[in-house]
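K.L.:
Chains as they are written, first to last, in our numbering: chain A, 1 to 298; chain B, 1 to 239; chain C, 1 to 279.
Don't read these hints as lab results, they were simulated from the structure.
A couple of the hints might just be wrong.
What the hints assert, rightly or not - Capping the alpha-carbon separation at 25 Å, the derived lysine to any residue pairs in SDA-like fashion look like this:
#	chain 1	residue 1	chain 2	residue 2
1	C	K137	A	K111
2	C	K137	A	K281
3	B	K119	B	G38
4	A	K111	C	M261
5	A	K111	C	K132
6	B	K173	B	E73
7	C	K137	A	Y258
8	A	K281	A	L82
9	B	K119	B	I129
10	C	K132	A	A55
Said to hold, decoys possible - Residues from chain C that face chain A, not an exhaustive set, calculated with beta carbons under 10 Å:
#	residue
11	S10
12	A24
13	P33
14	L37
15	W50
16	P109
17	I115
18	P123
19	F127
20	G136
21	E173
22	S176
23	S216
24	L262
25	W271
To be verified - Simulated restraints on C-beta separations:
#	chain 1	residue 1	chain 2	residue 2	range
26	A	K212	B	R58	29 to 37 Å
27	B	A239	A	P209	23 to 31 Å
28	A	L280	B	T55	12 to 20 Å
29	A	G242	C	S133	37 to 45 Å
30	A	E64	C	P123	42 to 50 Å
From the three backbone atoms N, C-alpha and C, an ideal C-beta is built for every residue, glycine too.
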Amino acid sequence: MFDGSPEDHIPVPAARTSAWRPVTQESPLVRAVLIAVALGGLAILVVAPLIVVFAEALAKGAGEALRSLAKPEALSAIRLTLIVAAITVPLNAIFGIAAAWTITKFDFRGKAFLITLIDLPFSISPVVAGLALVLLFGTNSLIGGWLVAQNFPIIFALPGIVLASIFVTFPFVARELIPVMIEQGRAEEEAALTLGASGWRVFLTVTLPNIKWALLYGVLLCNARAMGEFGAVAVVSGKIRGQTATMPITIEMMYNEYFSVAAFSLATVLALLGLLTLALKTLLEWRHADQLAATRRH
Amino acid sequence: MHIEIDEIAKTFGSTTALQPVSLAIPSGALVALLGPSGSGKTTLLRILGGLEFPTSGRVLFDGQDATGLTVQERRAGFVFQSYALFRHMTVFENIAYGLRARPRRSRPPHAEIERRVTKLLELIQLPQIADRYPSQLSGGQRQRVALARALAIEPRMLLLDEPFGALDARVRKELRQGLREIHDTTGLTTVFVTHDQDEAMELADLVVVMSMGRIEQVGRPQDIRARPATPFVREFIEA
Amino acid sequence: MALALRLQKSPMPGFGLGMGITLAMLSLVVILPVVALLARGVSYGPEAVWATINTPRVWAALYLSFRLAFLAALFNLVFGSLLAWVLARYDFPGRRLIDAFVDLPFALPTAVAGIALTALYAPNGTFGSIAKSLDGKIAYTQWGILIALIFVGLPFVTRTVQPVIAEIEQEVEEASATLGAGRFYTMRRVILPMLLPAALTGFALSLARAVGEYGSVIFIAGNLPMKTEIAPLLIVIKLEEFDYGGAAAIGIAMLVISFSMLLVINLIQIWSRRRIGHV
Chain A
1 MFDGSPEDHI PVPAARTSAW RPVTQESPLV RAVLIAVALG GLAILVVAPL
51 IVVFAEALAK GAGEALRSLA KPEALSAIRL TLIVAAITVP LNAIFGIAAA
101 WTITKFDFRG KAFLITLIDL PFSISPVVAG LALVLLFGTN SLIGGWLVAQ
151 NFPIIFALPG IVLASIFVTF PFVARELIPV MIEQGRAEEE AALTLGASGW
201 RVFLTVTLPN IKWALLYGVL LCNARAMGEF GAVAVVSGKI RGQTATMPIT
251 IEMMYNEYFS VAAFSLATVL ALLGLLTLAL KTLLEWRHAD QLAATRRH
Chain B
1 MHIEIDEIAK TFGSTTALQP VSLAIPSGAL VALLGPSGSG KTTLLRILGG
51 LEFPTSGRVL FDGQDATGLT VQERRAGFVF QSYALFRHMT VFENIAYGLR
101 ARPRRSRPPH AEIERRVTKL LELIQLPQIA DRYPSQLSGG QRQRVALARA
151 LAIEPRMLLL DEPFGALDAR VRKELRQGLR EIHDTTGLTT VFVTHDQDEA
201 MELADLVVVM SMGRIEQVGR PQDIRARPAT PFVREFIEA
Chain C
1 MALALRLQKS PMPGFGLGMG ITLAMLSLVV ILPVVALLAR GVSYGPEAVW
51 ATINTPRVWA ALYLSFRLAF LAALFNLVFG SLLAWVLARY DFPGRRLIDA
101 FVDLPFALPT AVAGIALTAL YAPNGTFGSI AKSLDGKIAY TQWGILIALI
151 FVGLPFVTRT VQPVIAEIEQ EVEEASATLG AGRFYTMRRV ILPMLLPAAL
201 TGFALSLARA VGEYGSVIFI AGNLPMKTEI APLLIVIKLE EFDYGGAAAI
251 GIAMLVISFS MLLVINLIQI WSRRRIGHV
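Given only the sequences and the hints, what does the whole structure look like? Please build it.
P.N.:
Below you can see the structure in the form of structure tokens.
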């Protein structure tokens, strides 16, 4: 191809002086269309439902919304949801730290399989998870029957709701911590050990400060999901009014009984919790982007 | 192709990358833009390739104003510092890319594309690697594939940004010779950017020493060595 | 446990404790329940399991769940990638706020999303009344289910693809242009193939989520057998009838189909990742 002069084939086009833009950018028109599609889609798909929650709750005025939240049914739901989260989130945080420590600080066979098992709940329907718990701990199962005889029922009671919440939030904390701890390596812990620190001291003074933001991030996501879980809890809770009805379950019951304002008022509380979670999460991402960078890459 | 740079200046916001500079590059020359980082040499190269637009001034190809030409219209074979190979394509697909990207009427038929890629692989002395992916190549092999990919479009000139920067010393020496040979075979006007004065002096017909967005001296390697025009040039080539 | 957890000697403390907590929680919460589910299927008998699944109503529900989940994930693949591109590449007022809003479907409980979407798309709702004036119906049809599934899976693709877009070297796009390619050609031949593995990951996550989704769907679905009844709802119905064997049978069917689908996606992903090499 270098036999002839390559200049022969294609002539130099006449120079133009139209607006020049870097080759890595789309034309302003394409850019405007893409932004419009993205924003429009997001407004319809995500923002509109959020606005509706508030609008429906306030349909008969703020007073009516607040009164419906003060009803015993709503209050007991809020209390139960707080209790469930207060048990689920710490247990999950402990598990997440233990799992991340084991997986990132040691080499052992079967590690990949262990990670797969931890991720398993992401690919199981919450309803199937609830079903599995019912089959294991329900009154007509071996373990469940015995536990009921000991006066410690699990299904249709608080422990079942907690187990279901842990199941659906299982990978949250571990998944945030593992990439961060892999990135940080083991050198700092090893250095602390050579300086004579005990295992706990190493964890508390070296590891924990290095992972605290990622841990908080995982805890936030875990908390939001634990407070909002519906499918798995619907199956294991038995939906006993005033006893095992969490906030999402109570919303369903109110909605099905055509107490729209009450349902949407309670939904507003959860929506505000969701917005708060988003705000804190975003704040963490802005402030501690360095530590969370590993997390967002996985 | 004869390249003329006429009073080209470039500012990015408030920082000046290039003072107005002028330079004539004779057809078929092998030219080094030599200078420390921040001297404006890469900016000048990117303006030649159409990747940056000058704040003022003109670029002329064979006497015609080429300032407003798009990157695609310029047909400059550009070799990037990181090589920028497409990692999801084989070596063959990488080299064939520019031919396949042509509009249908000027796109060569499949057999012709295959013939040209094979010929280019022979030119860079790597005939066996057509089916490999970039991640399976050594640094030196990647550089040569990037060169072949740039040559495949039948460029009017060859522009290389620190073509040896990412290589270890031994491979670097080898590939210098390779670039010289390819230049001599193709006869293309070739401009490369380097901060390594040995490389510039050994390889180029013409060396352009740059500093702080200005051209300090233009000349043949031996002339620059014998008669540095400014204190900066003296210091830089002695370093 | 079938895990061969043989530790290489390490000076780091805490292996026993960490592994102990990990395995205890994993067994109690995940492994034992799933084993109980499978055991129930075995004790129910393969014929009974098959007889439960092999009814028109169950097939219709499984088909509906997987078909709509696939369509929703497909929509999210396209729209999520576009959203990721816009957020990663373009600067416009409010970009960071909008970026934060992408995660709303993760933060908003599904039951809340369910009643909100129903209120929007019911015939007397804001969007539903528009559809009604055009003689269409969204809520209580498969369209309603599709919208709910799109909602819950929306962030996955965006969040997996966005960091990959940010990591694309500018030089790669410039190289394409210097070789004569127009922007559209570069997009199609260089950028999209580079995003593909991450987009597939997001697709798989979105699909897995949509297949099992319950809370956001049951309100808007209408739940008509054979028409708008999703598979998870059938499990709930069986449980309410105390038909544990039947519920287990459908649960196992869902698990088997989900895992086969995810396996196929994983294989495609391994294949596409291998082509790209190191990533």
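K.L.:
Can you verify the interface hint for W50 of chain C: is its Cβ closer than 10 Å to any Cβ in chain A?
P.N.:
18 Å, violated
K.L.:
Is the interface hint satisfied for L37 of chain C? The criterion is a beta-carbon contact with chain A at less than 10 Å.
P.N.:
Cβ of L37 of chain C sits 4 Å from chain A, so the hint holds.
K.L.:
Is the interface hint satisfied for I115 of chain C? The criterion is a beta-carbon contact with chain A at less than 10 Å.
P.N.:
5 Å, holds
K.L.:
Take a look at whether the Cβ-Cβ distance between K212 of chain A and R58 of chain B falls inside 29 to 37 Å.
P.N.:
58 Å, violated
K.L.:
Would you check whether L262 of chain C satisfies its interface hint, that is, whether its CB is within less than 10 Å of any CB in chain A?
P.N.:
6 Å, holds
K.L.:
Taking 25 Å as the top limit, are the C-alpha atoms of K119 of chain B and I129 of chain B close enough?
P.N.:
It holds: about 13 Å lies between the C-alpha atoms, which stays within 25 Å.
K.L.:
Can you tell me whether the CB distance of G242 of chain A to S133 of chain C sits inside 37 to 45 Å?
P.N.:
43 Å, holds
K.L.:
With chain A as the partner, please determine if S216 of chain C meets the hint condition of a C-beta pair closer than 10 Å.
P.N.:
Since chain A brings a Cβ to about 8 Å from S216 of chain C, closer than 10 Å, the hint holds.
K.L.:
Just to be careful, I want the Cα atoms of K119 of chain B and G38 of chain B compared with a cutoff of 25 Å; is the pair within it?
P.N.:
38 Å, violated
K.L.:
Does K173 of chain B pair with E73 of chain B here, judged by a C-alpha cut-off of 25 Å?
P.N.:
Measuring from Cα to Cα gives roughly 33 Å; hence the hint is violated.
K.L.:
Has the hinted range 12 to 20 Å been met by the Cβ atoms of L280 of chain A and T55 of chain B?
P.N.:
Since the Cβ atoms of L280 of chain A and T55 of chain B sit about 45 Å apart, the hinted range of 12 to 20 Å is violated.
K.L.:
Checking one constraint from the list: CA of K137 of chain C to CA of K111 of chain A, max 25 Å. Satisfied?
P.N.:
50 Å, violated
In summary, the numbered hints that this structure violates are 1, 2, 3, 5, 6, 15, 18, 20, 25, 26, 27, 28, 30.
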